[in-house]
Amino acid sequence: MSTLDGTQTSTSGSADHESSKAHSVDYEQLFEQLKHKPCRVDRIDKKYESPGRKPIRTKASIIDRELERVYDATTLEEIHMALEEAGRNLQQLQVFRRLHMLVHEEPLDEPSLVSVLIDLEERNWYKLHAATFVQGNGNETSCELGLGIHNLTGNAERFDVAGEIGSERSNQFSVSHEHPKPYGLPITVNVRISQAILNHQKTSSYTEMFRGVLLGVKSFDGKKGLEYELGWRRLTDTSGVASQAVLSQLDDYVKSAVKYVWNAGQKEVDEETGQLAGWSVRSTSEVSGLGFDRRLQFCKQVVEWQALLPVSSAVSLSLSASAGLILPWVLPTFSGASAAGPAPSGTTLSSCIADRFFLGGPSSLRGFKFKGVGPMAARRPSQTPQVAAAATAPSSTQSQAGPSKPDSLGGDLQASFMAALLFQLPQQALRALRLQGQLFVNGGNCVQLTGRRVPVMEGVQEFSRTFRWSAGAGLVMPTLFGRFEANYVVVLSNQENDRLRRGIQLGFTASPLMNLYHFSLALH
Numbered sequence: 001m002s003t004l005d006g007t008q009t010s011t012s013g014s015a016d017h018e019s020s021k022a023h024s025v026d027y028e029q030l031f032e033q034l035k036h037k038p039c040r041v042d043r044i045d046k047k048y049e050s051p052g053r054k055p056i057r058t059k060a061s062i063i064d065r066e067l068e069r070v071y072d073a074t075t076l077e078e079i080h081m082a083l084e085e086a087g088r089n090l091q092q093l094q095v096f097r098r099l100h101m102l103v104h105e106e107p108l109d110e111p112s113l114v115s116v117l118i119d120l121e122e123r124n125w126y127k128l129h130a131a132t133f134v135q136g137n138g139n140e141t142s143c144e145l146g147l148g149i150h151n152l153t154g155n156a157e158r159f160d161v162a163g164e165i166g167s168e169r170s171n172q173f174s175v176s177h178e179h180p181k182p183y184g185l186p187i188t189v190n191v192r193i194s195q196a197i198l199n200h201q202k203t204s205s206y207t208e209m210f211r212g213v214l215l216g217v218k219s220f221d222g223k224k225g226l227e228y229e230l231g232w233r234r235l236t237d238t239s240g241v242a243s244q245a246v247l248s249q250l251d252d253y254v255k256s257a258v259k260y261v262w263n264a265g266q267k268e269v270d271e272e273t274g275q276l277a278g279w280s281v282r283s284t285s286e287v288s289g290l291g292f293d294r295r296l297q298f299c300k301q302v303v304e305w306q307a308l309l310p311v312s313s314a315v316s317l318s319l320s321a322s323a324g325l326i327l328p329w330v331l332p333t334f335s336g337a338s339a340a341g342p343a344p345s346g347t348t349l350s351s352c353i354a355d356r357f358f359l360g361g362p363s364s365l366r367g368f369k370f371k372g373v374g375p376m377a378a379r380r381p382s383q384t385p386q387v388a389a390a391a392t393a394p395s396s397t398q399s400q401a402g403p404s405k406p407d408s409l410g411g412d413l414q415a416s417f418m419a420a421l422l423f424q425l426p427q428q429a430l431r432a433l434r435l436q437g438q439l440f441v442n443g444g445n446c447v448q449l450t451g452r453r454v455p456v457m458e459g460v461q462e463f464s465r466t467f468r469w470s471a472g473a474g475l476v477m478p479t480l481f482g483r484f485e486a487n488y489v490v491v492l493s494n495q496e497n498d499r500l501r502r503g504i505q506l507g508f509t510a511s512p513l514m515n516l517y518h519f520s521l522a523l524h
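1 is the number of the first residue of the sequence shown in the UniProt record's numbering; add one for each residue after it.
Please note that a few of the clues may not be correct.
What the hints assert, rightly or not - Here are the simulated DSS-like pairs of lysine-lysine, each with C-alpha atoms no more than 30 Å apart in a straight line:
#1 Lys35 x Lys47
#2 Lys218 x Lys127
#3 Lys224 x Lys59
#4 Lys259 x Lys300
#5 Lys47 x Lys37
#6 Lys127 x Lys300
#7 Lys127 x Lys59
#8 Lys300 x Lys223
#9 Lys59 x Lys218
#10 Lys59 x Lys223
#11 Lys46 x Lys59
#12 Lys202 x Lys405
#13 Lys59 x Lys47
#14 Lys127 x Lys181
#15 Lys267 x Lys218
#16 Lys37 x Lys59
#17 Lys59 x Lys181
#18 Lys300 x Lys224
#19 Lys202 x Lys224
#20 Lys300 x Lys267
#21 Lys181 x Lys267
#22 Lys218 x Lys300
#23 Lys300 x Lys202
#24 Lys223 x Lys127
#25 Lys267 x Lys223
#26 Lys127 x Lys46
#27 Lys54 x Lys181
#28 Lys35 x Lys127
#29 Lys267 x Lys202
#30 Lys224 x Lys181
#31 Lys259 x Lys47
#32 Lys369 x Lys202
#33 Lys259 x Lys181
What the hints assert, rightly or not - Estimated spans, in silico, between C-beta atoms of each pair:
#34 Arg294 x Asn124: 40 to 50 Å
#35 Glu32 x Thr132: 45 to 55 Å
#36 Arg169 x Trp125: 33 to 43 Å
If you are wondering where the hints come from, they were derived from the structure by calculation, not from laboratory data.
This one's a predicted model, so the numbers in the text were calculated from it and none came from an experiment.
Glycine residues also receive a C-beta, built at the ideal position from the N, C-alpha and C atoms.
Let the sequences and hints guide you as you build the complete structure.
Given below as structure tokens:
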């Protein structure tokens with residue numbers, strides 16, 4: 001009888017009892033007849049395997065803790081449910097490669113007693129990871145290398161070291177430790193120390209350096225999590241052309257924030273057609289500026305939702321939406337709209353550019369470039385002698401290309417929506433490559449509410465008045481890093497300063513629910 005987590009829980013007779021007739025027994029029907037009969041577990045036998053036939057590392061107390069409820073079961077159905085739950089919990093420890101459970105009618109002289117055999121195979125104690133990928137802006141290629149040490153002391157703990165280097169001089173390094181179920185509590189505790197240098201010069205004329213520590217606690221099933229982050233942030237401009245709006249933000253900050261994440265969802269796969277139906281929702285709430293830098297005192301809320309509805313055996317309707325809002329603790333109270341402009345540096349009325357929302361690109365709003373939607377500000381002329389000399393030359397690249405593109409400032413309020421009709425392609429060769437087609441409509445907007453000498457409600461009205469829309473068709477292929485999309489996009493509505501990407505647009509999108517949809521069709 002298969003369980004949800006892939007473990008095997010089954011019922012059998014004695015080892016040699018009518019083995020020649022075993023193939024003719026309907027165990028599911030037999031289970032339905034006996035599941036309410038009185039039954040208890042007499043003993044649990046365990047069979048262990050580990051890589052290289054070495055002694056098993058996982059402590060016996062870790063395994064026995066998950067099996068305690070099995071002894072409390074009083075019927076065969078309760079035994080099955082207890083083993084199913086124990087199997088899920090053991091699999092979530094991520095230390096076992098194989099987990100099988102078998103229920104025997106033993107001892108034979110006591111019909112109400114059964115024994116359980118558990119077959120466990122441990123994973124290796126280390127894991128190396130290497131990958132190359134393209135960042136969201138499509139202009140930076142990154143190389144990632146990681147080493148994970150798992151279950152070294154037998155407590156199912158994890159130590160991970162990871163590094164990432166980008167072609168545009170972005171880099172990230174982190175060391176983390178994760179301990180599931182400390183003292184038997186249904187939680188996972190994690191600690192991470194990290195340093196990140198993120199290059200945003202091409203889109204926003206600043207570079208962010210962040211060093212900090214994160215302490216987190218999440219439920220054992222991963223549906224809820226609470227994190228506290230403390231770190232030092234430095235924003236600099238190495239190009240010398242940052243707009244005045246970005247220039248006013250360049251400084252050192254201390255970020256102290258609490259974040260709460262909540263996940264929910266439901267999905268099921270039709271065994272005959274391979275169609276997936278389900279929904280998922282994710283909420284992230286953050287409160288920053290606790291006891292330290294007052295310039296980073298803000299509240300931030302993000303909600304993401306997705307649903308997948310089968311239309312026929314080969315067609316599904318995908319709906320997704322996201323919305324985010326960030327506001328300082330103290331809201332501006334201007335009685336009337338005066339000259340717009342950035343708030344003075346160091347006030348709590350303007351959100352930090354590194355915390356704002358950005359919109360555009362194949363992962364959020366198709367038909368627009370990465371960070372191509374929302375508030376913009378003109379960059380300053382470069383003061384470097386080399387660029388100034390080049391600008392006066394007749395063959396200057398700058399004179400041919402015109403003024404440089406503006407800085408993308410991000411927004412305090414953002415929303416995006418997408419509706420897509422996903423369908424299987426008629427060619428067998430394309431289906432073998434796991435390619436599916438899609439027709440979609442995409443909309444979204446991003447506006448700034450603070451840092452301007454105008455009422456907040458005027459920014460909300462601007463948000464609804466300047467909504468962007470696009471539509472198109474394309475091909476989708478699932479990969480280990482997300483969905484790869486090749487779309488032809490038509491922009492239906494845009495604003496003057498938007499950076500557009502009409503026609504062919506390529507990119508990756510990350511969506512666990514949609515990846516499962518494509519893989520379920522491919523496997524079917």
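Hints, verified against the model:
1. Lys35 x Lys47: It holds: about 26 Å lies between the C-alpha atoms, which stays within 30 Å.
2. Lys218 x Lys127: The hint holds at about 23 Å.
3. Lys224 x Lys59: It holds: about 27 Å lies between the C-alpha atoms, which stays within 30 Å.
4. Lys259 x Lys300: Given that 30 Å is the threshold and the Cα spacing comes to 9 Å, the pair holds.
5. Lys47 x Lys37: holds, 28 Å
6. Lys127 x Lys300: Violated. Lys127 to Lys300 sits at ~36 Å, over the 30 Å cutoff.
7. Lys127 x Lys59: It holds: about 20 Å lies between the C-alpha atoms, which stays within 30 Å.
8. Lys300 x Lys223: holds, 20 Å
9. Lys59 x Lys218: Holds, at about 23 Å.
10. Lys59 x Lys223: Between Lys59 and Lys223 the Cα gap is close to 26 Å, so the pair holds against 30 Å.
11. Lys46 x Lys59: holds, 13 Å
12. Lys202 x Lys405: OK: Lys202 and Lys405 at ~9 Å, within 30 Å.
13. Lys59 x Lys47: holds, 14 Å
14. Lys127 x Lys181: With Cα atoms ~22 Å apart, Lys127 and Lys181 stay inside 30 Å; holds.
15. Lys267 x Lys218: holds, 22 Å
16. Lys37 x Lys59: violated, 34 Å
17. Lys59 x Lys181: This hinted pair holds, its Cα atoms lying about 13 Å apart.
18. Lys300 x Lys224: holds, 17 Å
19. Lys202 x Lys224: violated, 36 Å
20. Lys300 x Lys267: Cα-Cα ~29 Å, so holds.
21. Lys181 x Lys267: Cα-Cα ~26 Å, so holds.
22. Lys218 x Lys300: OK: Lys218 and Lys300 at ~20 Å, within 30 Å.
23. Lys300 x Lys202: holds, 26 Å
24. Lys223 x Lys127: holds, 25 Å
25. Lys267 x Lys223: Given that 30 Å is the threshold and the Cα spacing comes to 15 Å, the pair holds.
26. Lys127 x Lys46: Status holds; Cα separation ~26 Å.
27. Lys54 x Lys181: holds, 25 Å
28. Lys35 x Lys127: violated, 42 Å
29. Lys267 x Lys202: violated, 40 Å
30. Lys224 x Lys181: Within the cut-off at roughly 14 Å; holds.
31. Lys259 x Lys47: Since the Cα atoms of Lys259 and Lys47 sit roughly 42 Å apart, the hinted pair is violated (cutoff 30 Å).
32. Lys369 x Lys202: Given pair Lys369, Lys202 holds - Cα atoms ~12 Å apart, limit 30 Å.
33. Lys259 x Lys181: holds, 21 Å
34. Arg294 x Asn124: 40 to 50 Å: Because 49 Å falls inside the window, the suggested range holds.
35. Glu32 x Thr132: 45 to 55 Å: holds, 52 Å
36. Arg169 x Trp125: 33 to 43 Å: holds, 35 Å
When the structure is compared with the earlier hints, violations turn up for hints 6, 16, 19, 28, 29, 31 and for no others.
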